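From just these sequences and the hints, can you work out the full model?
Below, each chain spelled out in residue letters.
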Amino acid sequence: EAQVTQNPRYLITVTGKKLTVTCSQNMNHEYMSWYRQDPGLGLRQIYYSMNVEVTDKGDVPEGYKVSRKEKRNFPLILESPSPNQTSLYFCASSYTHNGELFFGEGSRLTVL
Amino acid sequence: GENVEQHPSTLSVQEGDSAVIKCTYSDSASNYFPWYKQELGKGPQLIIDIRSNVGEKKDQRIAVTLNKTAKHFSLHITETQPEDSAVYFCAASMGYQKVTFGIGTKLQVIP
Chain Z
4 EAQVTQNPRY
14 LITVTGKKLT
24 VTCSQNMNHE
34 YMSWYRQDPG
44 LGLRQIYYSM
54 NVEVTDKGDV
64 PEGYKVSRKE
74 KRNFPLILES
84 PSPNQTSLYF
94 CASSYTHNGE
104 LFFGEGSRLT
114 VL
Chain B
4 GENVEQHPST
14 LSVQEGDSAV
24 IKCTYSDSAS
34 NYFPWYKQEL
44 GKGPQLIIDI
54 RSNVGEKKDQ
64 RIAVTLNKTA
74 KHFSLHITET
84 QPEDSAVYFC
94 AASMGYQKVT
104 FGIGTKLQVI
114 P
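Each protein sequence line maps, in turn, to chains Z and B. This note's numbering numbers the first residue of the first sequence as 4 and each following residue consecutively. This note's numbering numbers the first residue of the second sequence as 4 and each following residue consecutively.
Mixed in with the good hints, there may be bad ones.
Restricting the straight-line Cα-Cα distance to at most 20 Å, the calculated cross-link-like pairs of lysine to any residue (SDA-like) are [to be verified]: (1) Lys45(B) / Met30(Z); (2) Lys109(B) / Thr27(B); (3) Lys109(B) / Pro42(Z); (4) Lys74(Z) / Tyr99(B); (5) Lys60(B) / Asn101(Z); (6) Lys40(B) / Pro42(Z); (7) Lys20(Z) / Thr89(Z); (8) Lys71(B) / Asn101(Z); (9) Lys109(B) / Glu108(Z); (10) Lys109(B) / Gly19(B); (11) Lys45(B) / Thr113(Z); (12) Lys68(Z) / Thr18(Z); (13) Lys45(B) / Asn10(Z).
Interface residues of chain B toward chain Z, partial, derived using beta-carbon atoms under 7 Å [claimed, not checked]: (14) Ala32; (15) Tyr35; (16) His75; (17) Tyr99; (18) Gly107; (19) Pro114.
What the hints contain is simulated information worked out from the structure, not anything from laboratory work. Every value quoted in this text rests on a predicted model; they were computed, and no experiment measured them. Using N, Cα and C, we set each Cβ at its ideal position, and we do this for glycine too.
Okay, structure coming up:
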């Protein structure tokens with residue numbers, strides 16, 4: 004089954020404790036991206052990647068890092084999480100640079 | 004950068020009625036306009052999309068219209084059903100992963 008898998012789905016952590024949200028897709032897509040969803044703000048792009056070892060900042064990259072060492076994986080790293088990073092995070096992948104996005108189920112992160 | 008405005012933020016309709024959600028965008032370089040449906044606890048899923056060389060597209064009860072001159076596009080759902088209840092997002096893209104989403108519309112279809 005074609006899918007984008009995120010882990011963990013739910014996480015409560017404390018300020019400053021490094022965490023990684025993993026994302027994996029099995030569709031051989033070149034393009035992957037991370038979004039955060041906040042009430043009243045919709046979906047905002049954090050980082051995106053157009054291929055292995057090629058990443059770039061989206062609209063809200065502060066406080067986040069990403070890496071793309073393999074085509075299927077695109078982890079999101081919060082080196083020192085803060086409460087304003089409490090949000091619902093989505094990973095997405097796509098076959099083309101300008102087409103349908105396939106989203107994961109989301110990861111709800113709470114930073115205390 | 005691109006700015007996408009979406010209205011209304013909430014919409015309640017009676018089952019069987021039509022629902023219309025409107026979006027405007029600011030950057031004339033945007034050329035791809037998808038609509039996503041997000042059900043509770045799930046990720047958004049594409050329901051219909053339109054490219055800038057097309058004015059209208061239909062898929063059963065769903066249609067999207069695009070007015071490039073006015074920089075606005077709309078989602079039309081006819082004969083609404085309870086399973087249409089969800090959050091709908093419009094988006095504008097100019098390619099290379101530069102996608103900007105609207106804030107979302109929570110649609111409630113009342114049986």
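Outcome of the hint check:
1. Lys45(B) / Met30(Z): holds (19 Å)
2. Lys109(B) / Thr27(B): With Cα atoms ~17 Å apart, Lys109(B) and Thr27(B) stay inside 20 Å; holds.
3. Lys109(B) / Pro42(Z): Holds, at roughly 11 Å.
4. Lys74(Z) / Tyr99(B): holds (17 Å)
5. Lys60(B) / Asn101(Z): holds (18 Å)
6. Lys40(B) / Pro42(Z): holds (16 Å)
7. Lys20(Z) / Thr89(Z): Holds. Lys20(Z) to Thr89(Z) sits at ~13 Å (cutoff 20 Å).
8. Lys71(B) / Asn101(Z): Cα-Cα ~18 Å, so holds.
9. Lys109(B) / Glu108(Z): Since the Cα atoms of Lys109(B) and Glu108(Z) sit roughly 18 Å apart, the hinted pair holds (cutoff 20 Å).
10. Lys109(B) / Gly19(B): At roughly 17 Å apart (the allowed maximum being 20 Å), Gly19(B) and Lys109(B) satisfy the hint.
11. Lys45(B) / Thr113(Z): holds (18 Å)
12. Lys68(Z) / Thr18(Z): The given pair, whose Cα atoms are some 16 Å apart, holds under the 20 Å limit.
13. Lys45(B) / Asn10(Z): Between Lys45(B) and Asn10(Z) the Cα gap is close to 14 Å, so the pair holds against 20 Å.
14. Ala32: Violated, about 11 Å.
15. Tyr35: Since chain Z brings a Cβ to about 5 Å from Tyr35(B), closer than 7 Å, the hint holds.
16. His75: Given a least distance of 17 Å, the restraint on His75(B) is violated.
17. Tyr99: holds (5 Å)
18. Gly107: holds (5 Å)
19. Pro114: violated (26 Å)
Of the numbered hints listed earlier, those contradicted by the structure are 14, 16 and 19.
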